[in-house]
Every structure is written in structure tokens, then in C-alpha cells.
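So the protein sequences, as listed, match chains A and B. Start counting at 1 in the first sequence, then tack on 2, and there's your number in my numbering. Start counting at 1 in the second sequence, then tack on 2, and there's your number in my numbering.
No lab work stands behind these hints, which were simulated from the structure alone. Bear in mind the structure is a predicted one, so any value in this text is a computation, not a measurement. Errors might be hidden in some of the hints.
Reference listing, derived: stretches of chain B covered by chain A, where coverage requires no fewer than 3 residues with Cβ under 8 Å from a Cβ of chain A [to be verified]:
1. 68 to 80
2. 138 to 149
3. 228 to 240
4. 340 to 352
Calculated lysine-lysine pairs in the BS3-like style (CA-CA distance at most 30 Å, straight line) [said to hold, decoys possible]:
5. B/Lys223 with A/Lys223
6. B/Lys223 with A/Lys228
7. A/Lys223 with B/Lys228
8. B/Lys228 with B/Lys374
9. A/Lys228 with B/Lys228
Here a beta-carbon is modelled for each residue, glycine too, at the ideal position from N, C-alpha and C.
Number of protein chains: 2
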Amino acid sequence: MYNLSISYNVALNDSGQQCQIEGERSWCVHRSRFDRLEEKLRQNQIDHALFTSQSNLRYFAGHTAGIESGPAPYSPVVGVLFVERGARPHLFLSGSDPAPEVYEEIAIERFPGYSYERPLQALFDLSERLVTLLKKLPRGRVGVESETCPAALLDELRGECPHLQFAEMAPLAAGIRMTKDAEEIQILRECCALCDAGQEVARSLARPGITELDLFEEVRKAMEVKEGRRLPLPADLVSGPRTAGIGGSPSLRRIEPGDPIIIDLTPRHRGYWGDSCNTCVAGAPTADQRRIFIGVEEALSEAIAHIRPGMRACELDTMVRKRMSELGGLFPHHSGHGIGVTRHEDPRIVPYNALPLQPGMVIAIEPGVYFKNAWGLRLESVVLVTAYGAEVLSQFRHVI
Amino acid sequence: MYNLSISYNVALNDSGQQCQIEGERSWCVHRSRFDRLEEKLRQNQIDHALFTSQSNLRYFAGHTAGIESGPAPYSPVVGVLFVERGARPHLFLSGSDPAPEVYEEIAIERFPGYSYERPLQALFDLSERLVTLLKKLPRGRVGVESETCPAALLDELRGECPHLQFAEMAPLAAGIRMTKDAEEIQILRECCALCDAGQEVARSLARPGITELDLFEEVRKAMEVKEGRRLPLPADLVSGPRTAGIGGSPSLRRIEPGDPIIIDLTPRHRGYWGDSCNTCVAGAPTADQRRIFIGVEEALSEAIAHIRPGMRACELDTMVRKRMSELGGLFPHHSGHGIGVTRHEDPRIVPYNALPLQPGMVIAIEPGVYFKNAWGLRLESVVLVTAYGAEVLSQFRHVI
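Okay, chain A solo, but in the shape it has when bound:
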């Protein structure tokens, strides 16, 4: 049993009533995540959990790592979260930067990052601290995420802690994260609102004469000003014949009259991702463009209208895929995907996925049609699966 409250400065009571008290709210909110983790670990005979992925550091500890510089130049991991049975979770972070967003129930321990005063040895410094903690544990099994755990770190822990076994647990965490709690849904609403703002600007400025890149610059600027800071923002912005290729980064291509323009925006906000896609036409759409737009738009609406808890992901995929094939073009990608602390996760809306949808899942649905060497069109909304159907979190209107 986890009894995470015992080592707190302020002892916490589990009851719902106590959760109303300011300052304890955060813990009660996130506690259910640890409860679900505990249950999954127990089912798999795992005693403790050592997280190394950015996604789980965000989900369980509230820590959002910067990603715009690529892999951290000073440490092989941005941090490690160790969840010990019966104790307060420990987040090991390099350097001394403030981490105000980390949940108050998490103990932060620092290991030296880069300093001009001593050679860089982040992995050594981190593993030294981790080993000190792990050596105190009785014999047991520690869950790890072996695809994001550096080999050097796991080798060190194995060498220093022969009393412990290390077992894969990444799929357990991914399973827990598939349904979102209230706090996550609120953040995902904010992510969608950012997308809405970007799509509005895109639609209003997508005119003949502007380059894809200049259009993108204006869209991102509006989103960043709304956010009040820079945003990680992977995006497709392609026009004209480039739309036949599904996606791509904005180029210096100048948009011509009649060009379709695919704009797919995926900002990261508070460690969660938004997603959205619209396809508009610069100037007046042709009858054919309008027909395809309507077909894809109807497929999207139909899919959303049919979502129910218990519906299998593959059924939703089949429904979308059938409509796309009727439109005569190619549809060489998924019909959708889960979204959360990663921008693409379970439940994937694909032919092979028999998973039943559940209330609390947040999924992007993105039907599209692509005509080889000609053009393509894709529309995307993010929805929350509810007890009765689906609530559309994206507010922007798809308008060709």
C-alpha cells in the first residue's frame, strides 16, 4: 500500500472533504493518478517506479521539460521521478532552475547540471543520488521505462543494487494516462483554445500572394501572444500541390488563387498538446473542392456523433475510412489518436485497435482525402469521450 501522506510536512487526510482545503487540492487531484499506478504495479508484481520519460515526468510530477533545444545538452535525462511504495515521490532534477509547476506533493532533489566550476558529469551525479536512495530499499522489483532510460543509468543501478530487479512498466503508465482527469481536461481545453486562435488567424490571412512561411509566422505569433510566451508548435502548413503529400513545414511557396491550404497546428501548453486541422482555399473554392470538403466535414461530424463509451476504436476508424474511400482519393493514415502529455498516444483510432472507448478519453479525429499529384484536404477536431457521447473541445469552425 502506498501511504504517501506519512512523510509530508502537513499530514493529509484522504477524505474528499479535506480536498476542499486550499493547498491540499493539488495532492488530492493527482492522488488518483498514483492510486491507479499503484494498482497497475501491484498487478504486475512491481514495488516501485522509476520514471525517465518526459511524458510521465509531466503526468506524475507536473514537470514540463523544455524541448526546443533538442536533447538536453547537459544531462542524458531531463530528470528522474522515483515513486517509492509508502513514501513521498522524489523528482531528481539537474541544475537549480526553479520548477514552480512541479506538484507540491513531490520532493525535489537536485543533481548538478552544467557549471563553469567543475566538469560536467550529470549521469554520475544523478546515479549517485539514486543509488543512495535505492540501496535503502529491501529486495524488490523496480519498474523502469527501458526505452527512455539511458543504458548507462540502468547499468549503474543494476551494478550498485543487486538486491533489486528492474522490470518494464512503460505500457502500464500509458494505459493509466489514456483516460484524463478533470485537471487534464481543463488543460486540454486550453490547448484547444490556442488551436482555435491559430486557426482563426490562418483562415483570415490565407489569401493569394502570401507565402506559406509568412502565413505561419502570423499564425504562430497570434498563438504566442495569446499564450504570453513562446510555444513549441509542430505544424503542417502546405499549399497547392503540396497538400497531396498530407503535411510538411511551411516553405517560401507563394499561395496562388484557388490553392488549397492544409493547416495542422499542434501547440504544447502547460505540458499538454493541442491538435487541430483545417483546409481552406485561397479565394473561391471550385465545385470539386467544395464537394470534397463537405464529404470530409460530414464524415468528421458523423464520427463524432457516433462516439459512445464501449464503441471500439477500430469501429470508429472503419466508419471514417469507409466515408473517405467513397470520396475517391487516398486516406493513408489513421482516423485519429489520443492526445495528452504526448501529442500522439493511445487510444489510436486505427484498424487494428479493438480497444473500447471510455469516458475521459480525449481524442483527435482527422479524416482526410488526398488525390495523387493533385491536392489533399484534412479536417481535425479534438473531442472528449463522455458518459453519453462526445464533447467537441475544438471551437473553431472548419470553413473551406
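Starting from the structure of chain A, add chain B where the hints point.
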């Protein structure tokens, strides 16, 4: 001995003359990197090399991974480069995206990335291919980068290939990369030219009334339009009292008359990083601001003028650090750092680094002074160490 030409479609001759022939140039250019690698590996009794870091995939194979979305959502590594003694290097990449920038001498092998038609199992697919290749090798030692190699991958290789030993080699590669070849220097010049363009715009628009974020939007836009595409661009852009804190992302803070503004721009271009810093003042600088600016500018010029091959990195640091202390503020960071396929690498210009500078090193030098709770100023140029001194690659003028 490596005899990398043997398995080529077109047999290559090593002679310099042959290098003039179009199509073989690329190989001859990069061959010296593999020659240096071979020598280092031999010195360390390592037979083959398995690279997993983005930096070495760029350096040895020409592959630049996208970083703006954070860790790859579909694979624990962006790819793996295997350099087998006596054979053509193999780059394992997930998915089917074209990789036109990969050096022509590298054989590309694909492993499935994300597909809507089958469950994602990138690590399995990758290791299966790697194991097939490694099983054919005789007993020997394989160099790995254990800090970027996922534990799951190394575990799999160890389990399937008991005839091989795996040994750390990351420091060897970092050592090789410290001095740049002609192609790298050309790319780093282009990186610096991008910085120049950004600094010009920053200086011309840094006026009272604009927000840090709006200023940044204009700077980045100019750089991206010059590049013709989006740029990874970590940057500090802080104004007024925020400059006392060394750096930070642009905020909605509106710049006031007399505010100092630190603008530190580090774009990634063709897989290499630029770096540059200027500090200007919105409106007329005070006498004190001007005095500090002149002091830091003189320290930077003096440091550059004194660079010689054989000078130790710590001597350069001492020279800068002494001048900074004379200015009366704090200088709580390095005096500079190497730059290349990472934005921060050896040789670090720090007190503990006795490494002699060598021709071909490219280093950023960045003296700065910070007055607690008041303001700060930093200037930075990128220079190439030559046989006789240093050539400044940054062209923009530091102007307060």
C-alpha cells in the same frame, strides 16, 4: 583497417585527385571523420561503432533529426548509425521519409515507424535489423554511446549477441568533433550569418514600447525568411531588470526607455548551431551602461586578439574572468564554449579546462557582467581558431 570503399556501387579511390570528381567529393570530405574515428577506436581496442546520439548521426551520417516536437513520438531513437570495420556504414532510420541530406556513402536501412496498419513496435523492429547485422560479426568489441542508447536496445543486443562486448565510446567522438573540417566551418559561417541577420533586426527594433515577445517574433521571422523555412531557435530575450538574471525566454514585458535588452540567438541550421549575443539599450544609454558595455566589448576583443593555438582554454577563461571582475558585477558562467553539431560542447572555456586550443576549433566567447537586482550585459562572438590566431565568424557589430 577500414576499407570502406569495397562495398560501394562505384569503387572509390582514396587519392586527392579522385576527390575532384563530382559525386565522390562528399565521401572524400567526410572520410577524414571516419579515419579519425577508426584511429580512436583502434587505440581503445574497439572494433565497430554504434551511434545513437543525434549529434553523431549528424556528424558521421549527415542526418539531422527534427527536434521541435520533443522526443520522437514513434521511436525511442531517431536512428542508429552502425560503423562496421571494413564495411559501408549503415544508418537505420524509422519510417519512409526521404533523407536527402544523408551522405551518399552511407547505406540507409529502414525500420517501420508509425503506421495505421500495424501496432507500433519501433524498438523491436530496429533491434531485429541490428541483431541480424551484428550476428554476422566475429567476436569483438562494439562502441556505444551509453547515455543516449536506450537501455532496452542495449539489453536486446547483449542478449542476442553474446559474442560481442559493448564499450563506451562517446568521449572519443566528442574529441574528434572538437576540431572542425572545411565543410563544417562553411556551415558554421552560415549559422553565424543567420545570427547576424537576427541581431540586425533586434537592434533596429529594440525600442521603448515593444514587448520582448513581439521583438522576438520579428527577429525570428527575419531569420526564418532568410533561411526559407522554420528554424529551431533557442534564445534569451530579456529586458530591464530581467537582464540581471542572465537569460530567459521573451515575455509580454513591454520595453521601457533606458532598458538594457539581452538578445542571445542560437539557431540550428543544417544540423549545426549558431550563437550570438548582443545587449542594446532602448533609447539613449546612460554613462554607466556605456562604460560597462565598453568594458565587456574590450574584454571580448582582447580575448579574441590573444587566441593562439596552444593557448589553454583556462588561460582564455582567466583573461576574460579577470576583466569581468574589474567591472564590479557578477560573472557566474563560462567565458565560452565549443559549438558545432551541438550548441554547447568541448572545448569549454572554463577555469578547470587545461586543453590547448587547436586550429579548426570553433568557439563562442561570451563575457558578461550582471549586477544583482539591477541589470546585466553580455556580448558574444563566434570565432574560428586558425594557425595564427582567431578569425571572427560573427559579422554583426556589438552596438549598445
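Status of each hint after checking the structure:
By the rule of at least three residues with a Cβ nearer than 8 Å to a Cβ of chain A, the coverage given for the stretch 68 to 80 of chain B holds, with 8 such residues. Given a C-beta distance limit of less than 8 Å, the hint that chain A covers the stretch 138 to 149 of chain B holds, as 3 residues qualify and 3 suffice. Counting residues of the stretch 228 to 240 of chain B whose C-beta sits closer than 8 Å to any C-beta of chain A gives 6, which meets the bar of three, so the coverage hint holds. Given a C-beta distance limit of less than 8 Å, the hint that chain A covers the stretch 340 to 352 of chain B holds, as 6 residues qualify and 3 suffice.
Our distance criterion of 30 Å between C-alpha atoms is met by lysine 223 of chain B and lysine 223 of chain A, whose separation comes to about 10 Å. For the hint linking lysine 223 of chain B to lysine 228 of chain A, the alpha-carbon distance of about 18 Å falls within 30 Å, and the restraint holds. With a C-alpha separation of about 18 Å, the suggested pair lysine 223 of chain A and lysine 228 of chain B falls inside the 30 Å cut-off, and the hint holds. A C-alpha spacing of about 37 Å is found between lysine 228 of chain B and lysine 374 of chain B, which places the hinted pair above 30 Å, so the restraint is violated.
The hinted pair formed by lysine 228 of chain A and lysine 228 of chain B meets the criterion: a straight-line CA distance of about 26 Å does not exceed 30 Å.
Hint check: a violation occurs at hint 8 only; the rest are consistent with the structure.
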